[in-house]
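Q: For chain A, the structure is supplied; the task is to place chain B on it using the hints.
So the protein sequences, as listed, match chains A and B.
No gaps in the numbering here: position 179 of the first sequence is 179 in the working numbering, and each next residue is one more.
No gaps in the numbering here: position 85 of the second sequence is 85 in the working numbering, and each next residue is one more.
Each hint should be verified, as a subset may be incorrect.
Which copy is meant is left open, so a pair is good if it fits within one copy or across any two.
[Stated by the list, open to error] With a straight-line cut-off of 20 Å between C-alpha atoms, the simulated DMTMM-like cross-links for lysine to aspartate or glutamate are:
1. Lys48 with Glu283
2. Lys170 with Asp187
3. Lys312 with Glu55
4. Lys244 with Glu106
5. Lys48 with Asp74
6. Lys48 with Glu62
7. Lys48 with Glu125
No lab work stands behind these hints: they were computed from the structure.
Just so we're clear, the structure is a prediction, and the values are computed from it rather than from any experiment.
Below, each chain spelled out in residue letters.
There are 2 protein chains.
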Amino acid sequence: MDFTEIAKQAKEASLLTAGLNAQIKNSALNSMADAIEMAKDEIFSANKVDLELAEPLVESGELSKATFNRLKLDENKMRDMIAGIREIAKLPDPVNKKLLVRELDEGLTLYKVSCPIGVLGIIFEARPDVISQISSLAIKSSNAVILKGGKETTNTNKKILEIINTALDKVEGFPKNVIQQVFTRDDVAEMLKCDKYINLIIPRGGNSLVKFIKENTKIPVLGHADGICHIFVDESADLLTAEKIITDAKTQYPSACNSVETLLIHEKFPHKDELLAALQLEEIKLIDKPESWAHEYGDKILAFKTVKNLDKAIAHINRYGSGHTDCIITKNIENAEKFMNNVDSAGVYFNVSTRFADGFRYGFGAEVGISTNKTHARGPVGLEGLTIYKYKLIGNGQVVSDYVEGRKQFHHKDLT
Amino acid sequence: MDFTEIAKQAKEASLLTAGLNAQIKNSALNSMADAIEMAKDEIFSANKVDLELAEPLVESGELSKATFNRLKLDENKMRDMIAGIREIAKLPDPVNKKLLVRELDEGLTLYKVSCPIGVLGIIFEARPDVISQISSLAIKSSNAVILKGGKETTNTNKKILEIINTALDKVEGFPKNVIQQVFTRDDVAEMLKCDKYINLIIPRGGNSLVKFIKENTKIPVLGHADGICHIFVDESADLLTAEKIITDAKTQYPSACNSVETLLIHEKFPHKDELLAALQLEEIKLIDKPESWAHEYGDKILAFKTVKNLDKAIAHINRYGSGHTDCIITKNIENAEKFMNNVDSAGVYFNVSTRFADGFRYGFGAEVGISTNKTHARGPVGLEGLTIYKYKLIGNGQVVSDYVEGRKQFHHKDLT
Chain A
1 MDFTEIAKQA KEASLLTAGL NAQIKNSALN SMADAIEMAK DEIFSANKVD LELAEPLVES
61 GELSKATFNR LKLDENKMRD MIAGIREIAK LPDPVNKKLL VRELDEGLTL YKVSCPIGVL
121 GIIFEARPDV ISQISSLAIK SSNAVILKGG KETTNTNKKI LEIINTALDK VEGFPKNVIQ
181 QVFTRDDVAE MLKCDKYINL IIPRGGNSLV KFIKENTKIP VLGHADGICH IFVDESADLL
241 TAEKIITDAK TQYPSACNSV ETLLIHEKFP HKDELLAALQ LEEIKLIDKP ESWAHEYGDK
301 ILAFKTVKNL DKAIAHINRY GSGHTDCIIT KNIENAEKFM NNVDSAGVYF NVSTRFADGF
361 RYGFGAEVGI STNKTHARGP VGLEGLTIYK YKLIGNGQVV SDYVEGRKQF HHKDLT
Chain B
1 MDFTEIAKQA KEASLLTAGL NAQIKNSALN SMADAIEMAK DEIFSANKVD LELAEPLVES
61 GELSKATFNR LKLDENKMRD MIAGIREIAK LPDPVNKKLL VRELDEGLTL YKVSCPIGVL
121 GIIFEARPDV ISQISSLAIK SSNAVILKGG KETTNTNKKI LEIINTALDK VEGFPKNVIQ
181 QVFTRDDVAE MLKCDKYINL IIPRGGNSLV KFIKENTKIP VLGHADGICH IFVDESADLL
241 TAEKIITDAK TQYPSACNSV ETLLIHEKFP HKDELLAALQ LEEIKLIDKP ESWAHEYGDK
301 ILAFKTVKNL DKAIAHINRY GSGHTDCIIT KNIENAEKFM NNVDSAGVYF NVSTRFADGF
361 RYGFGAEVGI STNKTHARGP VGLEGLTIYK YKLIGNGQVV SDYVEGRKQF HHKDLT
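Bound-form chain A, shown alone:
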């Protein structure tokens, strides 16, 4: 089918999902989970086809062994996938929340109410457990979605979506075409141009993909290209705290976007040599003359630099950072406050590992991704980031001329 036709169907579906109540959405989610559980074997078979197609690519070097391992769906991933859908069903409905109730005048009440964004375009990595997660988030937030998964999991994704949509078809009152899927690069190109129907694009996966998308569409994009996180060790930092935090932030999962890439050390910090020696013992490779201060290593490599003072550290981070997550280690609370106010990043941390930047760790229940945007949603994004709001104004015949001509006055009284 033509992409525009798919997008138009998604738009029409989104107008219907906007009116769904939480009960229908949750019953849709639970039906999805049940259906996937019932059809486990079919899904494993489809995944096997993907794995067989990928094997020669690993042999020829076109596909890394790590990527190949991510393609493989096993019993554990399947169990987590099904449990994940049921967890999202249990979360509070992000839609229809009253964000403000204000009586403008007697009998004239304004409600600011959360509502879905509309149509999401989501482009994601080749991991067979992601499609059910994203579909669940879209349903829970009353959005329609067009999915484009990594091509190496095409067969698995097709099978899973077929099962999901068969299950959704049976849910009374649940609209058609809420979850649709496309497969080609041309579809992605069309998606980026389709601002008439698509309201938000969320790319997940590698930096270059996200960068490409951000640079090639006028549709709002939620995500982050780089994760160039910093830790600044202040003059008064505790040595053991610094060692522990930096080691965690660099080695606990080096390829994560919230891992630290650059260490800045105050020139008067008295334990610099001990700290660097301790980090080397943790098998961290230290570099003091990096080719660029804006590089994401994604490995146990850490650039480091001595800075004159707090202001220089803040300036370095605002210049070379990616606005993701940056940390100060200090005993000086005033310095910590200045750092947290003046570093322009989604996460500004005080004596704590950058690896905490994560929707689940923040207690959001589900994570759409991490955003370095300066509008809409920033940092780890939960279901709330998939909503916007509308204003409902309820009256009994009020007209503006009465207020402009002084016969009536607003009293703007907030109700709970």
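A: What follows is chain B alone, placed relative to chain A:
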């Protein structure tokens, strides 16, 4: 100066304003107001130059008489302008508000705190009273701003900004280059490309300007191109209520974006002929075969159509509307609820004039504009729309490995 240089200075200024407390910002605002009051005569002289340059354009027909009248600064506008700045100083600080405080674990607390967006690019109509208003909103929200006003008020704007910046220079602790101004079309073209430094563009003024900007930048744009508002008269609507609301929505200020453009009438509404006759008595020109259902007349002209039922009305609005403000007139609460949930607009109204869609009427104290975006801010936008948030995480040496390896557990306890 080169535009990129101006934008870079704005970025640097924005990193400093982010850390300003409310007291400095409010004293900056009050100094601005005082300085403008002191220099009133200088401003009137500069405005006179603009008026003299505009006069021949009115004679040659290049400038409308209405636009010319808007250029003119008189004592009333001057008084409102100065009062407006002082009003903004009195509003609560939109920055540094705690939006969430959550203990993730003992001694590990997450704060979601409102903060400025960064650098705003604001393009506005030729009205000499707007520059101080926008500058005040930028200061209050701790953003830096690059202004481009309508060319017919260049002299007035130059003079006002000179006075503002001289006043700001004397405010201790207030950074330089927070408010800058550019003048040419080339500057606007550069602004639209400058996504490295500019975080949000707000175009104010005519539809074609807003459309052009939305189509020519990747920077987020806050605003609305069209205001194609609808009123649906349901089967059970009260005739007098309908007459009163439609008359207000069409005639109180026909060129406003929240004026109604299309009237939809339920085919079983029993008083259709009386209603249309009453509207004609109010000098509203009724059109039943418009060239397009998506046209903004901005005049006392109203397109109208009979529809079969509520669903057809909703479908018409979602197809031809601009997502601005739409109203249902009915006695049936269920229909009103369905309308408000399923019409995909920033404002969905029940028995009330569309003309209420306005930041001041909503009680926001100040208005940046009205947005038909589906992300970030929607509907009338107050100071809150000029902010985003950051996450501050404060701990005492916590690392992620303790939680991943099961030695510690999150307890996610929301604090007030």
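Q: Against each hint, give a clear statement of whether it holds in the structure.
A: Structure-based check of each hint:
Within a single copy, Lys48 and Glu283 get their C-alpha atoms no closer than 37 Å, and across copies no closer than 72 Å, so neither meets the 20 Å cut-off. Within a single copy, Lys170 and Asp187 get their C-alpha atoms no closer than 29 Å, and across copies no closer than 56 Å, so neither meets the 20 Å cut-off. For a Cα distance limit of 20 Å, the shortest separation of Lys312 from Glu55 qualifies neither inside one copy, at 50 Å, nor across copies, at 54 Å. Taking the shortest alpha-carbon separations for Lys244 and Glu106, only the inter-copy value of 18 Å comes in at or below 20 Å, while the best intra-copy value is 59 Å.
Proximity of Lys48 to Asp74 under the C-alpha cut-off of 20 Å is restricted to the intra-copy arrangement: shortest distance 10 Å within a copy versus 78 Å between copies. Within a single copy, Lys48 and Glu62 get their C-alpha atoms as close as 19 Å, which meets the 20 Å cut-off; across copies the closest is 71 Å, which misses it. In this homomeric assembly, Lys48 and Glu125 come within 20 Å of each other (Cα to Cα) only inside a single copy, at 18 Å, whereas the closest approach across copies is 62 Å.
The structure does not agree with the numbered hints 1, 2 and 3 stated previously, though it agrees with the rest.
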